[in-house]
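Using the sequences and the hints, build the whole thing.
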Amino acid sequence: MADHSRLLSYEKKDSPIHRLSGFTKLVFFLSWSVTSMLTYDTIVLIIMIVLSTVMYAVSRTKWSQVATVFKFILLFLSINILAIFFFSPYQGCDIYGQKTVICHLFGSYYLTVEQLFYEFNIILKYFTFVPAVFIFLVTTDPSELAASLNRIGVSYNICYSLALALRYIPDVQDNFRNIKNSGQARGIEMSKKASLINRIKETTGIIFPLVFSSMDRIETISNAMELRGFGKHKKRTWYSERKLLKEDILMICASLLFCVCAIIYTYHDGSRFYNDVFAPYFMAPR
Amino acid sequence: MESLIEFSDFTFKYRSQTEPTLYDINLKINRGEKILIIGPSGSGKSTLAHCINGLVPFSYSGETKGDLKIKGKDHKKLGIFDISKVVGTVLQDSDGQFVALTVAEDIAFALENDIVVQSEMRERVKKVAGQVEIEDFLSQSPTELSGGQKQRVSMAGVMIDDVEVLLFDEPLANLDPSTGKRAIALIDDLKKQEDKTVIIIEHRLEDALYKDVDRIILISEGRIVSDTAPAELLCSDMLIRNGIREPLYITALKHAGCVITEEDHPEHIETMDLSDHAHKVRDFYKTIGRKNDNISTETILEVKDLSFSYDNEKPVLKDINIAVRKGEMIAIVGKNGAGKSTLASLICGFNSPDKGSILLNGSDISPLSIKERGEKIGLVMQNPNHMMSKPMIFDETALGLRTRGVSEEEIKERVNKTLKICGLYPFRNWPVSALSYGQKKRVTIASILVMDPEIIILDEPTAGQDYRHYTEIMEFLKGLHEESGITIIMITHDMHLMLEYTDRAIVLADGRVLMDAAPSRVLTDEEIAERAYLKKTSLYDLALKCDMKDPSDFVEKFIYFERSERARGDLYG
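Top line first, the protein sequences correspond to chains A and B. 273 is the number that the working numbering gives to position 273 of the first sequence; each next residue is one higher, with no gaps. 1139 is the number that the working numbering gives to position 139 of the second sequence; each next residue is one higher, with no gaps.
These are calculated hints, taken from the structure and not from any lab test. Among the hints, a few may not be true.
Said to hold, decoys possible - List of simulated lysine-lysine pairs, DSSO-like, C-alpha gap at most 27 Å:
| # | chain 1 | residue 1 | chain 2 | residue 2 |
| --- | --- | --- | --- | --- |
| 1 | A | Lys12 | B | Lys1440 |
| 2 | A | Lys234 | B | Lys1076 |
| 3 | A | Lys234 | B | Lys1085 |
| 4 | A | Lys243 | B | Lys1126 |
| 5 | B | Lys1314 | A | Lys12 |
| 6 | A | Lys235 | B | Lys1077 |
| 7 | A | Lys232 | B | Lys1376 |
| 8 | B | Lys1085 | B | Lys1192 |
| 9 | B | Lys1536 | B | Lys1549 |
| 10 | A | Lys235 | B | Lys1126 |
| 11 | A | Lys12 | B | Lys1127 |
| 12 | A | Lys201 | B | Lys1549 |
| 13 | A | Lys234 | B | Lys1073 |
| 14 | A | Lys13 | B | Lys1314 |
| 15 | B | Lys1314 | A | Lys62 |
| 16 | B | Lys1192 | A | Lys232 |
| 17 | B | Lys1073 | A | Lys201 |
| 18 | B | Lys1557 | B | Lys1326 |
| 19 | A | Lys13 | B | Lys1126 |
| 20 | B | Lys1191 | A | Lys235 |
| 21 | B | Lys1127 | A | Lys232 |
To be verified - Some but not every residue of chain A turned toward chain B, in silico, with C-beta under 10 Å:
| # | residue |
| --- | --- |
| 22 | Asp14 |
| 23 | His18 |
| 24 | Tyr160 |
| 25 | Leu162 |
| 26 | Ala165 |
| 27 | Arg167 |
| 28 | Ile179 |
| 29 | Ile200 |
| 30 | Glu202 |
| 31 | Gly205 |
| 32 | Phe212 |
| 33 | Glu226 |
Claimed, not checked - Ranges between beta-carbon positions, derived for each pair:
| # | chain 1 | residue 1 | chain 2 | residue 2 | range |
| --- | --- | --- | --- | --- | --- |
| 34 | B | Asn1030 | A | Lys62 | 54 to 62 Å |
| 35 | B | His1265 | A | Ser222 | 41 to 49 Å |
| 36 | A | Ser222 | B | Asn1030 | 27 to 35 Å |
| 37 | A | Phe87 | B | Glu1120 | 27 to 35 Å |
Every residue gets a Cβ at the ideal spot worked out from N, C-alpha and C, and that includes glycine.
Have a look at this one:
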């Protein structure tokens, strides 16, 4: 049994989220990102995680569609968390204005409650944002996304390039698999038997043929597009553009409302880092 | 008659090249005509097509001399978008030209660019999809369709603009024979019903001639060398001299000593008048024979009860049983999507079977990894660009040995020896990028051969090759097979290849083995040909029309005769 799901590419399914228009999902995605970037409020973050988990389930996204990318993100998250600690071990103390030492680690590094809390919030931020990206990518038809972007004023050349890039993700993945197979048959060990360093080294060897075969495709596709009148006028229409339905309007309103409320709540006590619920347990009242 | 396209003393040179690609072209195409343009690879026929659709000079710039008028206007003054309203182009690589994720959207692409409102687009898409019979697939992704359906989508995409000229760039290249035949029939219907002017560019003459054309333009080395009705061209020796394969029945008739004239109507075997020729063909049949090859009885590869599916629901292969004897050269044939490439991927270990086993020299190879199988069974992929990862030819060929830790000394010896066999030794220090497609293909074969495998599997070894390169690659493989006795398995939908170069054909259809017999038997069995989307050979029709009792035997003997002629080099000096 071979696994044929492709990573992070649009898959046609019938779910309430798939039925929303690309424009709605774009508005949701942007407002969600803004919220998740601004807030450090633990309550808001936890609510967002719960909501995005529910949406992930509703979107019927399969784990295999995102697993590899998710693992990479976890790796990156760990590096990020450690880097923050090593480069500014007292960032949390600066933010919360006090220093509650738990223990001494080494050199001038002390583990503090404030730093832990600060980094805990960063981890939460990742987990609010990542599912939203996944849902957005796997449920949005690239052409519809292009139509939506065009609607909010982005030049259609840029929109179409983006749509094409997304559309070719599965093709490039298939090509990659083909090239990898032929390399393995000739003895390049890329399975788990080889060391990580070797696997990375050998994988870079695939990039060349992949780039060359992709270049050929770019020439063909740009010819095909030109022969069918792409770029003739300043505007174009979109076959796959969807009219906004009642659900879309509701979702757009809900997204914007959530974004505004979350930001107001985050800032109501004067700082986007501080919050009433958890902070009092370990901090002196301000 | 109104001329739509008119070249006069037209010469074109690409900016990056020193010599012109087209010389002194004089060609007039009238409204309502159906024209076939043929020529070997590199003859300039694609460039001629680019001039007609405006890619030259608007996408590929260069110097032009002389005139090219499209609908009476100078092509340079028109611009590519105006030309695209007159000439609709269906490109060769139908996968590469899809711009959208659904069939409907792809068809609508030209309308979107013309700012047509959505409701009108939907109507027009529906109408044109009906004309090419793809209305049931409108919401599917074009990449999920079969080769023939893909081509129909491309056709709909250009027809939606109501163009006057339909230009087809190698429409048969990616299709299995019977789908190709239907594509030619569809083009013919469209021409008649919609009153279009049609230009087809092909090098597979026999298949393209399945329906009548008005004129054939033969291009060679950048010049038009012949511009006549098909019958006249078939009677001459212009085709052979310019590296184009004649229809097989014409070749057979010429070998039998018949002098073909235009009055015989040689365009189609079905309607050709053979009254003067039949007895000569029968006499010729008596003079040709076939000696039996000694093929060992030892089984090298055995596939037992093999089943496989990608999604656990739709089986791609079901209960496949195949035995390959040592030193055989066999073909695995069947329509696109019949499971041919999947079978190869299972043998090489890229996928693992759901059921059944694969035995090499009697022992099960399921525990072996891809790498370990690669030492015994080499796979040459269809697209050589998918296999090249080193910039230099020597290094590319040496790759498999280096990864296996062979000493540099031995590598040098083995690589040089292999490059000599493949005729690449003089180029050993060249960069891979300097080679032609055919030469790259040989490098990939060399890089497999160097590992000294027992079996070599080639996926579509001749796809996209013209007759000259086809012959070059196949003669090379045949020579290799005769000298080293290596077992060769070819996956193909090229009927000529299987008929001329293999001892046995395994026909796959809907994931099962439909027939396992001599190619001449397969291609003379109408029922099998029908079910496996093959096309029976015109030699069979010739034999029938000459009242022969055993047409299959005639086909087999004639092919054997032609093979030995070719070995003597009589055909291509």
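Verification of the supplied hints:
1. Lys12/A <-> Lys1440/B: 38 Å, violated
2. Lys234/A <-> Lys1076/B: Distance ~22 Å between Lys234/A and Lys1076/B Cα, so the pair holds.
3. Lys234/A <-> Lys1085/B: 18 Å, holds
4. Lys243/A <-> Lys1126/B: Between Lys243/A and Lys1126/B the Cα gap is close to 20 Å, so the pair holds against 27 Å.
5. Lys1314/B <-> Lys12/A: Judged against 27 Å, a Cα distance of about 19 Å means the pair holds.
6. Lys235/A <-> Lys1077/B: Status holds; Cα separation ~23 Å.
7. Lys232/A <-> Lys1376/B: It is violated: about 55 Å lies between the C-alpha atoms, which goes past 27 Å.
8. Lys1085/B <-> Lys1192/B: 20 Å, holds
9. Lys1536/B <-> Lys1549/B: Judged against 27 Å, a Cα distance of about 17 Å means the pair holds.
10. Lys235/A <-> Lys1126/B: 24 Å, holds
11. Lys12/A <-> Lys1127/B: 25 Å, holds
12. Lys201/A <-> Lys1549/B: 64 Å, violated
13. Lys234/A <-> Lys1073/B: Holds: Lys234/A and Lys1073/B sit about 26 Å apart, inside 27 Å.
14. Lys13/A <-> Lys1314/B: Given pair Lys13/A, Lys1314/B holds - Cα atoms ~19 Å apart, limit 27 Å.
15. Lys1314/B <-> Lys62/A: 20 Å, holds
16. Lys1192/B <-> Lys232/A: Violated. Lys1192/B to Lys232/A sits at ~31 Å, over the 27 Å cutoff.
17. Lys1073/B <-> Lys201/A: 57 Å, violated
18. Lys1557/B <-> Lys1326/B: This hinted pair holds, its Cα atoms lying about 24 Å apart.
19. Lys13/A <-> Lys1126/B: With a Cα-Cα distance of about 23 Å, the restraint between Lys13/A and Lys1126/B holds, given a limit of 27 Å.
20. Lys1191/B <-> Lys235/A: 33 Å, violated
21. Lys1127/B <-> Lys232/A: Holds, at about 24 Å.
22. Asp14: This hint is violated: Asp14/A lies away from chain B, its Cβ roughly 12 Å from the closest one there, beyond 10 Å.
23. His18: Since chain B brings no Cβ nearer than about 13 Å to His18/A, farther than 10 Å, the hint is violated.
24. Tyr160: 8 Å, holds
25. Leu162: 13 Å, violated
26. Ala165: 12 Å, violated
27. Arg167: 6 Å, holds
28. Ile179: Constraint on Ile179/A satisfied, holds at 5 Å.
29. Ile200: 15 Å, violated
30. Glu202: 9 Å, holds
31. Gly205: 5 Å, holds
32. Phe212: Where the cut-off is 10 Å and the nearest Cβ of chain B is about 6 Å from Phe212/A, the hint holds.
33. Glu226: 6 Å, holds
34. Asn1030/B <-> Lys62/A: 54 to 62 Å: 57 Å, holds
35. His1265/B <-> Ser222/A: 41 to 49 Å: Since the Cβ atoms of His1265/B and Ser222/A sit about 44 Å apart, the hinted range of 41 to 49 Å holds.
36. Ser222/A <-> Asn1030/B: 27 to 35 Å: 32 Å, holds
37. Phe87/A <-> Glu1120/B: 27 to 35 Å: 60 Å, violated
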